[in-house]
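Chemist: Listed below are the residues making up each chain.
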Amino acid sequence: MKRHLISTADLTREDALLILDTAEQMAQVSARSVKKLPTLRGRTVVNLFFEDSTRTRTSFEVAEKRLSADVVNFSAKGSSVSKGESLKDTALTLQAMGADAVVIRHSASGAPKLLADSDWLHGSVVNAGDGTHEHPTQALLDAFTMRRHLNPGVGHDLAGRRVTIVGDVLHSRVARSNVHLLHTLGAEVTLVAPPTLMPFGVETWPCQASYDLDAALTKADAVMMLRVQRERMNAAFFPTQREYTRRYGLDVRRLGLLPDHAIVMHPGPMVRGMEIESTIADSDRAVIVEQVANGVSVRMAVLYLLLGGSEPAITTTSETHANEELSK
Amino acid sequence: MTTAAQRQVLDQGDIARSLTRIAHEIVERAKGADDVVLLGIPTRGAHLARRLHRKLAEITGRELPVGTLDITMYRDDLRLKPARALEHTEIPADGVDGKLVVLVDDVLFSGRTIRAALDALGDIGRPRAVQLAVLVDRGHRELPIRADYVGKNLPTSLRESVKVKLDETDGVDAVLLGETSATSEGSTTK
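Note that the protein sequences, when read in sequence, are chains R and D.
Per numbering that gives the first Met the number 0, residue 0 is the first one in the first sequence, and the count goes up by one each step.
Per numbering that gives the first Met the number 0, residue 0 is the first one in the second sequence, and the count goes up by one each step.
Bear in mind the hints are in silico, worked out from the structure with no lab data behind them.
Cβ pair distances, simulated, as ranges:
| hint | chain 1 | residue 1 | chain 2 | residue 2 | range |
| --- | --- | --- | --- | --- | --- |
| 1 | D | Arg28 | R | Ser282 | 48 to 58 Å |
| 2 | R | Ser32 | D | Glu24 | 27 to 37 Å |
| 3 | D | Arg125 | R | Ser282 | 34 to 44 Å |
| 4 | R | Thr217 | D | Ala56 | 49 to 59 Å |
Backbone N, C-alpha and C define an ideal beta-carbon position, used for all residues, glycine too.
Chain R on its own, in the form it takes in the complex (with noise of 0.2 Å):
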């Protein structure tokens, strides 16, 4: 049993439904005057970010406030990190000023599994992003908020729910973690973006890829946006960014192609006029908004499940559920 949260991949259809239920009884917390339980008093939790990011990180503050833990920012920038401290040491560092769990983002994809595999660390480690690799909690999020529109209800899954994926996935996190869960949850997965920007071996992944949007809108239930990461490209992938909007943005008229009950989603920070529209963006179809408030409940239920008790309730393994006989 593993008390890390490093990769969608490692999740069981049972662990991602453990989550995405306790994140319901969560979002119940958010509701109330007092946003607040004594869950995880006296625990000291880090957030280790070594790449910018306010969303991710002021999500898991709130969450990890809400559970009354004891919270650390630890930013690469100003830090001993910026003087040449290795991961290593910054990891040492923590454990001995006892931290119980490590939320970490890192540009270089496999950092937070390192974390995990060491023995520097004794606490939970928990990936907020990791190069291209992955974003776990990002996808748990956006399956909670895909749940709540197309499938609601505690136990549910996403079977048989048609979710596209759209834009830049060669540098996506979130595409990657969203193809293992939404796979898990029973979802089938359309990939669609430029030649240039499909990952090399896209066709191992359990989803199906296309490079014709119109045609993957008509019957989505879902369609997911990506942010064109350009901070992460070195070489020209597509010839201009007019290009880019023509053939892969989602605009009116494309937006008509969908099913009226489907939603439109961005993991953000959004580029208008690019991958979306403005007018899309902001209007009743778009549940982005929504994926933020989602993504404290959810973050809230991965810290629970992780510290609440002596041991974590989620398991990696089919091997388990020894773990909840016993806490009934």
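Got chain R sorted already, so can you dock chain D onto it with the hints?
Modeler: Only chain D this time, still in chain R's reference frame:
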């Protein structure tokens, strides 16, 4: 599981009569139960709260607000056990502010569950008063807590376990008294 070592102390009729009596006591003490809100503690407390709700509707002719209150996040033994799945909390739409909240649970034992429930309730609102209704009070309190309405006082030894079975979850209504095994569970941990 009913083993040879388990003895039935209440049957279906006893449980129904206890709940009827508790419902009458609530109406009497609350002088008509105008501002009463019933909150059951999952799992079996929630079922008992719903049964009490039906009986109170028969007595008063009105539908009182009823809900459930999960106390998992407020337990003081969270760190001693693996993280457990949360139950559903459902607070009636009008809230609990200024109301007389009657907490409902199956077994009253150490009192720690009720302490957690009082903490949880404090985060939800400010009731006028809080009362406690339990089907069985088995003694051995570890905190200064007592029940206002008790179905049956059941003096027990710490080696004994009290198991409440309800039709909604167990297919049968019964209260069983047995020997505690090494892996005690359910009501005995309360």
